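> Here is how the chains run, residue by residue.
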Amino acid sequence: MIRVAHYVNQFFGGIGGEDKADMPPRLVEGMVGPGKAVQAALGDQGEVVATVICGDNYFAEHVERASEEVRELLRPYKPDLLVAGPAFNAGRYGIACGATCRMAQNNLGIPAITGMYEGNPGVDLYRRDVYIIQTKDSARGMVDAVNKMVTFAGKLLRKENIGRPAEEGYFARGQLINETADRIGAERVVEMLLAKLRGEPFESEVARPVYDRVKPALRIKDIHSATIALVTDGGLVPKGNPDKIEMITATRFGRYDIKNIDTLNPEAYEVSHGGYDSTLVRQDPNRLVPVDAMRDLEREGVIGKLHDTFYSTTGLASIVVIMKKVGQGIAESLKAEGVSGVILTST
Amino acid sequence: MGIPAVQLSAVIAVAEMVGSNRIMLAQKIVNPVGNADLDPVEEKKLRRSMVKKALTALQADVEKQTVLR
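Chains as they are written, first to last, in our numbering: chain A, 1 to 347; chain B, 1001 to 1069.
No lab work stands behind these hints: they were computed from the structure.
Please note: incorrect hints may appear among the correct ones.
Taking lysine to aspartate or glutamate pairs in the EDC-like style, the calculated list, with each CA pair at most 16 Å apart, reads [stated by the list, open to error]:
id	chain 1	residue 1	chain 2	residue 2
1	A	Lys221	B	Asp1061
2	B	Lys1053	A	Asp296
3	B	Lys1052	A	Asp296
4	B	Lys1045	A	Asp296
5	A	Lys215	B	Asp1061
6	A	Lys259	A	Glu205
7	A	Lys20	A	Glu61
8	B	Lys1052	A	Glu300
9	B	Lys1052	A	Glu337
10	B	Lys1028	A	Glu61
All values reported here derive from a predicted model rather than from experimental measurement.
Please take these sequences and the hints and turn them into a complete structure.
So, in structure tokens, the structure goes:
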């Protein structure tokens, strides 16, 4: 008998609406609300042994703390599986479902499943970490959603092979998994091309990257007191490439001291980038990281200060999710160092 | 609060695609802020004018993606 724990919000838990949204997690033994649909889908294979009910605001405002509280409530019941939601198009509920599933996987060591509508912000936040079954946008789709979730959870529990997102009905997790094809790539791609030319549907094997849109940062008001940092994705590194920044598909960045340096000396630098002819940059690294010109402007008081460190990574055949982390790392470091603005040079 | 950044790129379309908000056209892919055809003094003058222009982008109010050519 599979022991199933279920997470629901205050609304589906029958406690109340927005007036109860600040409620911390509480545990009820057995099934509550949509737990009946979960139990029906389980049949005699399993039993909903415990339900945690938590207010949407409480969870969304204290994600870490609420996850820990849910974990401690569930631990004594030794569940084999966590089912969360489904949350449909409810945003805060979706975040809570994603977070509790991740907690169950990481801290309770059990598989977890939830369900959401594609527009739910919980999808983008948690689809890389957990399996989220695609549902309709409202509770009218409850029975169908729960049946899919429980069926899929069975595969996780039995450790069966999980098929592609479109086949199984979950949101793509951004994972690359090797599989054997019966035809070579050339045949497959020509078939896709012909389908495209005929206006027929086809599914690419390469997911298109999704890029963030961010609000422009506010301008620098006083350039004469500003600290300006130089950043590049052109792979300039000190000789010997001390941080071992990869020439292609980089996973990291380096920060290099230019304090009291008037110009980048070609003897001291090399380029770790396999995507452009770096001859001209190796002859004069200032062509990529303009230390010489910026130092002059600093001396003349045009800018307050040239930041003591320049940052470098390699932008070539990069994986967006990895580069996002690299960019965040650089930005956090620049922020901690009190930098006011950045000149980013790209090859 | 974010830090304003200006991306100097010779391929504006890529900078636009990835979502940079302040974009400035660079010289070439192989030497964004240089020009090996110039003599060293002229080349440094060019670089100086480019970074000064980049600084104006950092001092400009920007509501959406903006390209400085």
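> Checking one constraint from the list: CA of B/Lys1052 to CA of A/Glu337, max 16 Å. Satisfied?
23 Å, violated
> Mind checking the alpha carbons of B/Lys1052 and A/Glu300 for me, to see if they're no more than 16 Å apart?
Answer holds: B/Lys1052 to A/Glu300 is near 12 Å, not above 16 Å.
> Given the hint that A/Lys259 pairs with A/Glu205, test it: the Cα-Cα distance must not exceed 16 Å.
47 Å, violated
> Next pair to validate is B/Lys1028 with A/Glu61; report whether the Cα-Cα distance is within 16 Å.
47 Å, violated
> For the pair supplied as a hint, A/Lys215 and B/Asp1061, is the alpha-carbon distance within the 16 Å limit?
The given pair, whose Cα atoms are some 12 Å apart, holds under the 16 Å limit.
> Quickly compare the C-alpha distance for B/Lys1045 and A/Asp296 to 16 Å and report which way the hint goes.
Within the cut-off at roughly 11 Å; holds.
> Take the C-alpha atoms of A/Lys20 and A/Glu61, compute the straight-line distance between them, and say whether it is at most 16 Å.
Holds: A/Lys20 and A/Glu61 sit about 14 Å apart, inside 16 Å.
> Starting from B/Lys1053, check that the Cα of A/Asp296 is at most 16 Å away, please.
OK: B/Lys1053 and A/Asp296 at ~15 Å, within 16 Å.
> Holds or violated: B/Lys1052 with A/Asp296, Cα cutoff 16 Å?
Holds. B/Lys1052 to A/Asp296 sits at ~11 Å (cutoff 16 Å).
> Run the distance test for A/Lys221 versus B/Asp1061: straight-line Cα separation, threshold 16 Å.
Measuring from Cα to Cα gives roughly 10 Å; hence the hint holds.
Violated hints for the displayed structure, listed by number in ascending order: 6, 9, 10.
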